[in-house]
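From first to last, the protein sequence lines are chains A, B and C.
In case it helps, this note's numbering puts the first sequence at residues 1 to 292.
In case it helps, this note's numbering puts the second sequence at residues 293 to 489.
In case it helps, this note's numbering puts the third sequence at residues 490 to 1013.
Hint data in this document are derived by calculation from the structure and do not stem from the laboratory.
Just so you know, not all the hints are guaranteed correct.
[To be verified] The calculated EDC-like cross-link candidates involving lysine to aspartate or glutamate, where the alpha carbons are at most 20 Å apart (straight line), are:
{"#": "1", "chain 1": "B", "residue 1": "487", "chain 2": "A", "residue 2": "59"}
{"#": "2", "chain 1": "B", "residue 1": "334", "chain 2": "C", "residue 2": "495"}
{"#": "3", "chain 1": "B", "residue 1": "487", "chain 2": "B", "residue 2": "404"}
{"#": "4", "chain 1": "C", "residue 1": "597", "chain 2": "C", "residue 2": "495"}
{"#": "5", "chain 1": "A", "residue 1": "24", "chain 2": "C", "residue 2": "553"}
{"#": "6", "chain 1": "C", "residue 1": "597", "chain 2": "C", "residue 2": "497"}
{"#": "7", "chain 1": "B", "residue 1": "459", "chain 2": "B", "residue 2": "415"}
{"#": "8", "chain 1": "B", "residue 1": "459", "chain 2": "A", "residue 2": "61"}
{"#": "9", "chain 1": "C", "residue 1": "597", "chain 2": "C", "residue 2": "506"}
{"#": "10", "chain 1": "B", "residue 1": "462", "chain 2": "A", "residue 2": "57"}
{"#": "11", "chain 1": "A", "residue 1": "71", "chain 2": "C", "residue 2": "558"}
{"#": "12", "chain 1": "B", "residue 1": "462", "chain 2": "A", "residue 2": "56"}
{"#": "13", "chain 1": "A", "residue 1": "24", "chain 2": "C", "residue 2": "563"}
{"#": "14", "chain 1": "A", "residue 1": "244", "chain 2": "A", "residue 2": "59"}
{"#": "15", "chain 1": "B", "residue 1": "462", "chain 2": "A", "residue 2": "232"}
{"#": "16", "chain 1": "A", "residue 1": "49", "chain 2": "B", "residue 2": "449"}
{"#": "17", "chain 1": "B", "residue 1": "459", "chain 2": "A", "residue 2": "57"}
{"#": "18", "chain 1": "A", "residue 1": "49", "chain 2": "B", "residue 2": "403"}
{"#": "19", "chain 1": "B", "residue 1": "487", "chain 2": "A", "residue 2": "232"}
{"#": "20", "chain 1": "B", "residue 1": "462", "chain 2": "A", "residue 2": "59"}
{"#": "21", "chain 1": "B", "residue 1": "334", "chain 2": "C", "residue 2": "834"}
{"#": "22", "chain 1": "A", "residue 1": "71", "chain 2": "A", "residue 2": "232"}
{"#": "23", "chain 1": "B", "residue 1": "462", "chain 2": "A", "residue 2": "61"}
{"#": "24", "chain 1": "A", "residue 1": "49", "chain 2": "B", "residue 2": "404"}
{"#": "25", "chain 1": "B", "residue 1": "487", "chain 2": "A", "residue 2": "237"}
{"#": "26", "chain 1": "B", "residue 1": "487", "chain 2": "A", "residue 2": "56"}
{"#": "27", "chain 1": "C", "residue 1": "679", "chain 2": "C", "residue 2": "495"}
{"#": "28", "chain 1": "B", "residue 1": "332", "chain 2": "C", "residue 2": "558"}
{"#": "29", "chain 1": "B", "residue 1": "487", "chain 2": "A", "residue 2": "54"}
{"#": "30", "chain 1": "B", "residue 1": "334", "chain 2": "C", "residue 2": "835"}
{"#": "31", "chain 1": "B", "residue 1": "332", "chain 2": "C", "residue 2": "834"}
{"#": "32", "chain 1": "B", "residue 1": "462", "chain 2": "A", "residue 2": "237"}
If you want the building blocks of each chain, they are given just below.
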Amino acid sequence: MILRLYLTLGLVLLGGTAWFIVVKQPPTVQGVPAVPAIVRLQEEGVIPKGDIPENEDIEHDVFVTPPEDEKRLEEAEAAMGSMPGMNMGATMDGGMQMDKTESAKAEAPDGSAMNMKMDEGSSSAAAGMKMEGETASAPAGGMAMPPVMDEEEAARAMAQQMAGLVIAPDGPFDREITLSMSEWTFSPTDIAVKEGERIRFTVRNDGKLLHEFMFMTMPQMQAITYRARRADWSLFEHEALYEKSLLLPGQEISFVATITKSGSWMFMCMLPYHMQMGMMGQLATPGAAMKM
Amino acid sequence: MENALGASGYTATMLAIVFIVLGLGIAALFAALFLPARWKLKYRMEFVFVVLLVGLVWYADRESTRIFTAYQGEIRKAGVISSAEAAEPGRNFDHVIKVIAFQWGFAFINDEGRISRNAEIVEPGAKVLFRIFGNDVIHGLNIPAVGITAEYEPGVERDLWIRAPEKPGKYLIQCLNYCGVGHAQMKAWLVVREKEA
Amino acid sequence: MASPQDMERMGGIPHWEPENIIGRMDLGTLLFSHDYRHVAIKGMLTSLVMLGLGGLMALLFRTELAVPDIQFFDARPYMSLMTLHGMFMVFGFIIPLVISIMYYMMPKILKTGRLIWAKGAQWSWWTLMVAAAALVISRPDFTWTFYPPMSLRVGGPLVWLGYLAVLLVAISEFLAGAVLFANGWAAIGKWGWSKLPLMGWAALAEGLLLMGSTPMLGLVAIYMLTDWAGLTAVYDAGRGGSTMTFMFMFWFYGHPAVYLPLVPAIGILYTLLPRFLGRPIWSYWSGVVAFALLTVLSFVVYPHHFQPAPTISTPLERAAQILTLAIFIPSTLHVFNWIATLWYDEIPSSARRAVPFRFIVAAIFFLMVGGVTAYVNGQIATDSDFVHNTYFVPAHFHAMFVGFMANMAMAGLYYLYPYMTGRIYSQALGNTHFWFWQIGIFGKVSMMYWLGYAYFPRWVVDYLPLPQWALPQLILTLSAYLIGLGFIVFIYNFIRSASRGASVTGDPWALSRDAATGAEVPAE
Chain A
1 MILRLYLTLG LVLLGGTAWF IVVKQPPTVQ GVPAVPAIVR LQEEGVIPKG
51 DIPENEDIEH DVFVTPPEDE KRLEEAEAAM GSMPGMNMGA TMDGGMQMDK
101 TESAKAEAPD GSAMNMKMDE GSSSAAAGMK MEGETASAPA GGMAMPPVMD
151 EEEAARAMAQ QMAGLVIAPD GPFDREITLS MSEWTFSPTD IAVKEGERIR
201 FTVRNDGKLL HEFMFMTMPQ MQAITYRARR ADWSLFEHEA LYEKSLLLPG
251 QEISFVATIT KSGSWMFMCM LPYHMQMGMM GQLATPGAAM KM
Chain B
293 MENALGASGY TATMLAIVFI VLGLGIAALF AALFLPARWK LKYRMEFVFV
343 VLLVGLVWYA DRESTRIFTA YQGEIRKAGV ISSAEAAEPG RNFDHVIKVI
393 AFQWGFAFIN DEGRISRNAE IVEPGAKVLF RIFGNDVIHG LNIPAVGITA
443 EYEPGVERDL WIRAPEKPGK YLIQCLNYCG VGHAQMKAWL VVREKEA
Chain C
490 MASPQDMERM GGIPHWEPEN IIGRMDLGTL LFSHDYRHVA IKGMLTSLVM
540 LGLGGLMALL FRTELAVPDI QFFDARPYMS LMTLHGMFMV FGFIIPLVIS
590 IMYYMMPKIL KTGRLIWAKG AQWSWWTLMV AAAALVISRP DFTWTFYPPM
640 SLRVGGPLVW LGYLAVLLVA ISEFLAGAVL FANGWAAIGK WGWSKLPLMG
690 WAALAEGLLL MGSTPMLGLV AIYMLTDWAG LTAVYDAGRG GSTMTFMFMF
740 WFYGHPAVYL PLVPAIGILY TLLPRFLGRP IWSYWSGVVA FALLTVLSFV
790 VYPHHFQPAP TISTPLERAA QILTLAIFIP STLHVFNWIA TLWYDEIPSS
840 ARRAVPFRFI VAAIFFLMVG GVTAYVNGQI ATDSDFVHNT YFVPAHFHAM
890 FVGFMANMAM AGLYYLYPYM TGRIYSQALG NTHFWFWQIG IFGKVSMMYW
940 LGYAYFPRWV VDYLPLPQWA LPQLILTLSA YLIGLGFIVF IYNFIRSASR
990 GASVTGDPWA LSRDAATGAE VPAE
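Extracted from the complex, chain A is given alone in its bound form (with noise of 0.2 Å):
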């Protein structure tokens, strides 16, 4: 009788418990210090206060992207319409007469930026295929090479214009936003925006631990899902119209952004599990906000 009794209970222990944390998957929580060490370093002057400058050495190469990411941007794309930013069933952008899929290849933001204007069609497959880094070698036939930097923010600028989206360190603008971070979340999270309209925004690091700021449109999202929680994260990019890659605590950007298209556009932090535990959030014109 004892062992029946036993057997049943440890079976019910078994199970209860196993469905408690794995079905009824409890909620990740992540306490902050109350004072972070960088500050009082900041203090002590070990490590530098206020804004460091980043390591311009760190080029393309050191962090590839998959191209499992290219493959599914497609995927993503050829779901959601190919011009993102644009509204379902609006007429096509600047009178490109091209399929959802050579579109989706072609903004591909791998330093085939020239042949975007040169050729439409074809020469795109080839240069959407080469989403490795290593960009410095291959660009379109009679183009000097152009230095790596340039390559990359030049096919960030045609991204941020497919998008509707551009980003300027500086300009005029028609009103400010200050976004604050801090763990988990920015606030504000939502922000309408008016197509046409020009946003200085300032970002700030309100928080303990060090954040990353980063625009990206929701197929470029779609398009990382898949290993955002895997262990090599950390180890490769993630296309973004726009990568601030760290902020310390206290530190604050500031950029204008110019709406030029009807659309939505996610912002986040993608640490590992910061995004996941809120730290995300969109701009979009009226009725295009997407369901986060």
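Chains B and C: place on chain A using the hints.
Just chains B and C now, with coordinates in the frame of chain A:
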């Protein structure tokens, strides 16, 4: 295996001792179980055995201390590293890199005062001192290719130095102490690359 | 060697009249009886449930780790599975199980006829039950060593139940330590210091380890609670506390903690080996010295768990290294003693047939496998290379906890089975369990050592798809499944044989060899 601790033969020797002692032990167990011949050990055999063990312990302590003292000595040669002064590169190390370990990534600040996330570049064979500061919780830092690892508490500086691998390439740096949900993803690249002229 | 004095030192024969004690227990007896056999059986059965629970947690996260990439679990639930696995296995399964086996055996071996202060054993069990409930409800993800400040900032609003569970475990273990010490002490009065059976020495050693270390664990748990509540900032570095304080305090318990299941398992081995062989242990005094040395040293070696710290190369670190290497010696004395015992005369065929004897041999084998690596674990130089916080450490402690202690616990359970149920288990199923386990344990331990050498990190839900990591992980997962299967076979055998097994009368472990003449007596 060549490693940061400068101990290529040492690991092999210690592992060899481990395997030999294990082999002898298993052989003795099997002999006791399956050999028809029986052996009544004299008590003094155990004293001999203990003396041998004490010898192995003494040897291990001596070797390990020699290696680690030499390793720490290199850091001390760079001078007193107080929180207000930086060790000057060139004094004993080619580079002195500050590492900020946070939840969940690494920030590297190099000699030129430039910051990078999850990657740092060094020349092949360079002697590099990492001054590691944890920002929030206990983290670890491990570079498998050079065989060094350490864990460090938040706010307390931890110094680790390596001789960068000779072969250019990207080498893994990983956090080796549970630091929260992002621990498995807390990885970085040690990029070994010739300096551009 | 087999003098009458040596035989006397082996203590009373652990033999009772086989009867169906388990079958005749009802809920009241189970929960409230102070009869040592009821108390012990309750402890054993509960520990087996905890083994099942801890094992299920392991199989779940092992399934996730079988191949790279995330398949089933996010990091948070994965770490809850791992935390519960560690805590249930250490606090709920192995320590209570080997102590319960000692509760069962001591009255006969030490000839006290009863378990002194059985009430303390009762309270110990009830406290452990509350701790287990608190742990499951809070499902913490802070690992079984819950290092702050991380452990103070994760887990959600109910994480304090996790700290409370640790406090209750400390109280439960302290009570058990008091019971064991009381029994060992009473036995000294009865036998004298120079003739106290080795199980009595084990009881004294274990009692001192428990009572010496658990108050510190209790204090740690209390500080975790007050830090978490914001009342203190002892460990929280963000508010001025020090994690090094935690390290010193926690590991002061933490190192003796790993000997808590080891010492009773060794005591059980010293008791069962003479029983199966029909002759005394080769050297009584070697066993005594080894117990004493281990007990004393275990309180001073703990810095090796957080070596090398920024205070490296100071005399303290070096002393910790030397003492850590030295503590490897008492355990080798035990192994030397057992092999010498096996070797000095014939091994009766009754022993070779017995399932518990097999488990004893396997335990000795794995104690060697796990023990020799202590040689590289203890050296700061190798520790700073491929040992610290890689899979090398879990390889070592799984070889010990599972390879030695769990195997010895099984030996004890199979040994006591006829005495508790009046029947004999199925020999075939027992052997199946045995082989599944040894193959599984060997696969698990060897793969873990290899992964550690290849710098596989601890506490990760996912890993880079490197071939030297992926293939061993897959084999490790399969080995874990084999161990799980062995456990199921064991449970089935245990339950089924209690009602269907052949009845046993007389001595189920009677020697096939006549003790006086040495002639083989045919098995009945």
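Hint check, failures only = Of the numbered hints given earlier, those the structure breaks are 19, 25 and 28, listed in rising order.
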